[in-house]
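K.L.:
Each chain, letter by letter, is given below.
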Amino acid sequence: MSRGSLPRRIAALSGFLLAVTAAGTLSADAVFGGRAGFTLGCLIDPAAPLSSTLDGALGFAPVLRVEDPLWGLEAGAAFAWKSGSAEAVPDLSRLFLSFAPADFLTARIGRFAYLPGAGGIASCTDWFAAFDLASLLAGGAAEPYRPGDMVQLGFSLGDLSLILTAMPFAPSWSLPDPDSPWFPDRDIPRSIHWTLFTEFDTYLTGITVKEGAAKDIMIGDVSVGVELSASLPYLDVSLLAYHGWDNTVLYRPSFSFPGGLTSDYGVELTPVARKIDAVGLDASFAWSSLSAWADASYTFSKTFLSDRLSVKDLAPFLVTAPLLEYAAGVGWQPEELPLILQAGYRGCLAFGAAEGTVLPYLAFHADAAAVLRLWEDRITAAVQAICSTSDWSGVAFGSLSFAPSSEFQANLSFPFFFGAADTELGQFTGNFHVSIGATAWF
Amino acid sequence: MDPLRFYGRGWNPTPCRAILRTMGIRLRLLVLPLLAASSAGLPAQGAETLVEGLSLFGSARAVSMRVEMELRLKNGRKDRSLDVFLRQVDRRTQVLIQVAAPAFLTSMKFLSMRDEGGLETTWMKTSQGVRRLTDSSGGERVFDSDFTAEDFLSVSARRFALAVLPDSTLGSTACRVVEARPRTAGSYARKLLYIGAADQSLRGIDFLDEGGTLIRRYRLTATQIIDGGTYPQSAVMENLRDGTATALSISRVDLKTDLPDRLFNKGSL
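Those protein sequences? They're chains A and B, same order as listed.
Our numbering numbers the first residue of the first sequence as 1365 and each following residue consecutively.
Our numbering numbers the first residue of the second sequence as 14 and each following residue consecutively.
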């Protein structure tokens, strides 16, 4: 099978789905609608407010529901832009066809998000959606989980369901941008202090990113997953298994010293795409005004960076170890109060990992959220906080939205980072990114 | 109902009236309320039998229908089209309600299932994902309407303390009346279910607070006969506190098409 570029894949997929839609529309109830909106973000530089950078996105997500007994079609897209750039980057967020060829069977093909985990960003089993830490930290409208191009079959039998998923393409990983304010600076040393016959410092001259991750289809590189779910009294349980690409990419920095070992140096980041085999368990529970959820996943062999440098290629060693990840959370939504409270925790255990193994960002974190609805749900005020329990740094997102009707919503969001400058989230303390946006549904 | 009149019909009235004549007014005042209470104090099983299989959409074993919902707000109105799928087999009830229009709401679904033991499980799918509703979520509004999640569920002794009240009339329709008090605290203290005496259809519901003030009111305004069964044709739910109302108009009632199992599976939400 030949490799295909992203635009060609989208064009081929879109052509097929539109042809099917045209045929289905002739004999079906077709309902058209959707949403349109914009988000404008401003990264405020407290030292030089007038030099603050703008970014934004215009979103248009049409929904064409062709509800023949067999067919259904949905689509969604957004265009993102940045200040200083004349380019608008298209982003097809959703385009899929669903159909039911038998009473017990539903099928879905196209681009959509498959997130079986119950705990949002803390879930351990959302393998099919690439996770973008920068989108999470920037807040605004960008979702941290990116959809994938998949084929999915769902079998229903009483209270049981079996979902088979295949993703022929690699996830849409986001490459790091060294110029981005969300680049994790603390991971790259800005200077090296030498103590030889004398003491001196050499400095980082630049960071480059090498495109090395697999992005196109390759025979045998299909990601597949199976989910078996059961609805029990008070409890929903799912067992999952996955083989395929990890939903995050490891970036291996290698140092280069053009003028010799003691000269100023550069760093090249090489993305390392990882294949994993994993099993998982999701459970969610509801009773009275309380709800609880728990996720766990076991990856048989996961690749990590080490903090020891290889002399041969001047890059950290890669080490592998089995990894157990676990997460749990609770929620409380009293009927007599317009309030929702949630809290969760995520941790992991790398079995037999060598000393110096570098675990991924937010491997240990707690999160909490409080949502208050006022004025007959027209105003929603929310605070969501994430705290890394490995170094006690964190971020709190405040948001305020106003929805005078169910067809329109305006929102404002802003994060506050806290922690020491060399911590996971404290390194972003200077990033005050305010987002405003509006969405209209039609 | 006057308990003396009840006991006087077809019964030998002499013993009751003789007792009352001799006991005097004070005792009569004591006995009459007791007689009235006894006529209303039917065993819980009686009330449970009356509400068995009762729902807003009739009591067919399997029915699908298209419902046009008009939301009458203070500052305008909104329209929704819903597809309702209802299946009742033995004591097991399954309800799926999904938005058919407008298109931007078509991801919203409501699925509820009640097993033979009366245990109910409800999920709501919104743009934020699928969420299992807790007992206290019964007051959550469905699709922005004046209906709550609980309104689409059947009434069971598991969730309510049931009692039969004296018969009443709603409009010109004779009705049996069942009082249902939620066993968990919620947005109302009790509700009165008006069940048509002739066709056992749900004619109305009054939602009352602790002080007896009417909070919400549901009325079936028109019915239709399909295959010998009575089904709602139009109904309205009024929120008397907020001054809003939601009107339902039911069309395309289909009793013949089998409903596949996948409709009532949480995995397919």
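Source of the hints: derived by calculation from the structure; they are not laboratory data.
Bear in mind that the values here come from a model prediction, so they are computed numbers and not experimental data.
Hints may be right or wrong, so weigh each one.
Now the stretches of chain B that chain A is said to cover, found in silico as 3 or more residues with beta-carbon under 8 Å [unchecked claim]:
| id | segment |
| --- | --- |
| 1 | 62-68 |
| 2 | 170-180 |
| 3 | 251-265 |
Reference listing, derived: stretches of chain A covered by chain B, where coverage requires no fewer than 3 residues with Cβ under 8 Å from a Cβ of chain B [what the hints assert, rightly or not]:
| id | segment |
| --- | --- |
| 4 | 1513-1522 |
| 5 | 1650-1659 |
| 6 | 1774-1784 |
Okay, the calculated beta carbon distance ranges per label pair [stated by the list, open to error]:
| id | chain 1 | residue 1 | chain 2 | residue 2 | range |
| --- | --- | --- | --- | --- | --- |
| 7 | A | Phe1728 | B | Arg194 | 22 to 32 Å |
| 8 | A | Leu1469 | B | Ala170 | 46 to 56 Å |
| 9 | B | Arg232 | A | Ile1743 | 55 to 65 Å |
| 10 | A | Ala1471 | B | Gly130 | 31 to 41 Å |
Beta carbons: idealized from backbone N, C-alpha and C, even for Gly.
K.L.:
Go through the numbered hints given earlier and state which of them the structure violates, listing their numbers in rising order.
P.N.:
1, 2, 3, 6, 7, 8, 9
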